[in-house]
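Chains A and B, in that order, are what the protein sequence lines are.
Residue 356 in this note's numbering sits at position 325 of the first sequence, and the numbers go up by one each step.
Residue 838 in this note's numbering sits at position 44 of the second sequence, and the numbers go up by one each step.
Hints listed in this document are in silico derivations from the structure and should not be mistaken for laboratory results.
Cβ coordinates follow ideal geometry from the N, Cα and C atoms, glycine included.
Any given hint could turn out to be false.
DEER-style ranges, computed between Cβ atoms [to be verified]:
(1) S235(A) / A977(B): 53 to 63 angstroms
(2) D234(A) / A1091(B): 38 to 48 angstroms
(3) E924(B) / S235(A): 42 to 52 angstroms
(4) G908(B) / E131(A): 32 to 42 angstroms
(5) S235(A) / T959(B): 54 to 64 angstroms
(6) R954(B) / D392(A): 32 to 42 angstroms
(7) A802(B) / L321(A): 48 to 58 angstroms
(8) D883(B) / D392(A): 29 to 39 angstroms
(9) D392(A) / A802(B): 42 to 52 angstroms
(10) L105(A) / P817(B): 36 to 46 angstroms
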Amino acid sequence: MGAGQPNSGGSGEPGPVRLLGDGVAALMAVLRAAGREVIGPTVRDGAIVLRPLKRPDDLPRGWHDRQEAGLYRLDWEDRPTRFAHAAPAQGWKRVLHPPEACVGTAYRGGIASSAEGADAGPDGPCWAAPEASPPLRAFFGVRPCDLAALSVLDGILANPAAGYHDPAYARRRRDTLVVAADCASPAATCFCAGMGTGPGVGDSGFDVALTELVEGDAAVYLARAGSPAGAALLEAVEHRPASDAERAAATDQTVRATKAQTRALPADPRAILARATEHRHWADVAARCLACGTCTLACPTCFCATVEDATSLDGVTAARTRRWSSCFTEAFSYIHGGAVRGTRGARYRQWITHKLSAWYDQFGTSGCVGCGRCVTWCPVGIDITAEVAALSETRPSHRRRGPARRPVDGSATPRRRKDDPPAP
Amino acid sequence: MDAAAAAALADRLTETAAAARLPASLTEGDPWRPRPFRIDRWRRDLSDTFTVDLVPLDGPPLTFAPGQFNMLYVHGAGEVPISISGDPDQPERLVHTTRAVGQVTNAMKALRVGDTLGVRGPFGTPWPVEAAFGHDVVIVAGGIGLAPLRPLIHAVLARRERFGTVVLLYGARTPEDILYRAAVTAWRGRFDMSVHVTVDRATGRWSGPIGMVTKLIARGGFDARDTMAYVCGPEVMMRHAAQALIDKGVAAERLFLSMERNMKCAIGLCGHCQWGADFVCKDGPVFRYDRVAARLAQAEV
Ligand SMILES: Cc1cc2nc3c(=O)[nH]c(=O)nc-3n(C[C@H](O)[C@H](O)[C@H](O)COP(=O)(O)OP(=O)(O)OC[C@H]3O[C@@H](n4cnc5c(N)ncnc54)[C@H](O)[C@@H]3O)c2cc1C
Ligand code: SF4
Ligand code: SF4
Ligand code: FES
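I would like the entire structure built from these sequences, with the hints used as guidance.
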């Protein structure tokens, strides 16, 4: 296929095209005409968040984010760019794996047959699954780190090899188109380059990939199709083949964005963590961490959830609701007698070890995609890259002397669980 | 774009989106749906422990392997993981023994014959039974840990001739806390099985051993080098018991234990049962000791 031929299918070598006019507005219009709810970045309460977008002006035109450990600021300049920001405050898991979703409603026996949608067993409890068909959506402006996060979530919740799956997630996922966008302006907290997830959009996992370039005082867009659906979308908007200069500008922009990244995880965090199970640095983190769980809420791959019952006043129906939960809470690991991970140090160790080590063993990938959200949104600025660096320093562990199985925060008395019989 | 073109595009998008390649099987099914079971029999085992026999209201009985568990749902109260403690060769009665310790288990304790429970399962890895053919079998239980081991005892006794020496070592807090007392007495009376019970604290006319179950392991009575061992009880008890078995000469790869962690789904979706690189709900609860010994030795994992 000649350079810049508008490609017509998902196969072959898709060459980028240059969208004509306001290509982003045209693409959004086509998506809406095709019945898609378009969800993308927009400014709300001083942060870039993900919301349904009604018009192109809802995109954060001219907004630029400053992110540092424990710090997030938005600045506005009169610039044409809509994507000159890094990862939005929230990940797309909000939509695909919502903070709160009913998994079903249980009906107490006897009355079940009168309850609409419930299986009428002779007695009950009978069960009604929630609405099965999600709206058709298009995610607009998905950053490369978040594209990687979608694939990480798929590996847990919609993985044919996992033995179990979450059909509600899989249905939402199936009915979602993905319009990705290269990152030209990483934040100081970003480390996607080191994780191999960005800042340029890769070859798969999207329907359309956009590159925003600035030409004079206008923003212009290159687009690539990553699926037949993406090709169909591009056919529906005005375009021409991208010029060599435009392609080179896109490549340069990604190279600059890669070089602009200052943060990185140390090499081989798995080996570092494997050596650090009893490192004194856990006590150091424990002294700072508030166990607020913000990092897990902000992280685009953290998937943990609890299920709770809410019973109607007459006691007949019980709605079972799945809610995000965090391994930083005491309740998370509670079993009769006490929490397994009673100290904050143990909870931080659990989280970071899962993200950067156990995740590979379980799901074949890193659980961290380098989006930097946990760094930015931690109220006390705990920084996953800095913590791994500190854990790589070989310092004597607090277990040098003293009894084995001390709590990882180094406190003198091991926490006893009520159930623990006396040591022999 | 006119309406017809938009409709044609809409169809094309639905059919050919990148994510449309997800296997259709992933979008189907309802893993959260509990099956209704009726309580057919209810009996108190100990002051805080009770056993229910359940029969399905909506279809065939649930077949299971020893060591597996179900999620039991009490309407409005919640859902908890409880091991199956009945005979795997008699699946028409689903038997669960539960200790009432909190919200859901206390609500379950208040149910009676004729009431319904929701059941999802069976879940998790089983005790390997056939792997012990031709070998000695040592079963070590602590407290309520005897419940998940009872299906294994049934399975072993049903094929008794396939195994060497069969030993049950059981530790309870006090003589009043001995679970399945009638069954333990019956097992004790058998000539093809040796049963030893110890208590942490003697009361009444107890004249048996006092102390940790590890003491019983040290006494032996089995060919440690040709033994498959199965351990279930509180985590500390399992740690000490595993060490005692290893010290005795049992191979780490012939030692199995059943782990307990908080569970909200049992289907690998909620993350609560994360233990090292495993989900206890689907990679366990039964683990081979050599694969988990390192993390078992660590506090707060
Ligand atoms: C694989 C497996 C098998 C089990 N088999 C049995 C059995 O056969 N008999 C039996 O009596 N108990 C068994 N348990 C323990 C039982 O699940 C808990 O006692 C029960 O969850 C307590 O719930 P609750 O609401 O009554 O207690 P609460 O203290 O009110 O519990 C609060 C929450 O913590 C969690 N939780 C509390 N204790 C435990 C625990 N020990 N394990 C896991 N989650 C817990 C529950 O999710 C519960 O929602 C098993 C646990 C597991 C993981
Ligand atoms: S661990 Fe932190 S940097 Fe890594 S994906 Fe999660 S939020 Fe982003
Ligand atoms: S690391 Fe930061 S965000 Fe995470 S729980 Fe601790 S204080 Fe909260
Ligand atoms: S219990 Fe939910 S992942 Fe294991």
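Hint by hint, here is what the structure shows:
no.: 1; hint: S235(A) / A977(B): 53 to 63 angstroms; in the structure: holds, 58 angstroms
no.: 2; hint: D234(A) / A1091(B): 38 to 48 angstroms; in the structure: holds, 44 angstroms
no.: 3; hint: E924(B) / S235(A): 42 to 52 angstroms; in the structure: holds, 44 angstroms
no.: 4; hint: G908(B) / E131(A): 32 to 42 angstroms; in the structure: holds, 35 angstroms
no.: 5; hint: S235(A) / T959(B): 54 to 64 angstroms; in the structure: holds, 58 angstroms
no.: 6; hint: R954(B) / D392(A): 32 to 42 angstroms; in the structure: holds, 39 angstroms
no.: 7; hint: A802(B) / L321(A): 48 to 58 angstroms; in the structure: holds, 54 angstroms
no.: 8; hint: D883(B) / D392(A): 29 to 39 angstroms; in the structure: holds, 36 angstroms
no.: 9; hint: D392(A) / A802(B): 42 to 52 angstroms; in the structure: holds, 46 angstroms
no.: 10; hint: L105(A) / P817(B): 36 to 46 angstroms; in the structure: holds, 41 angstroms
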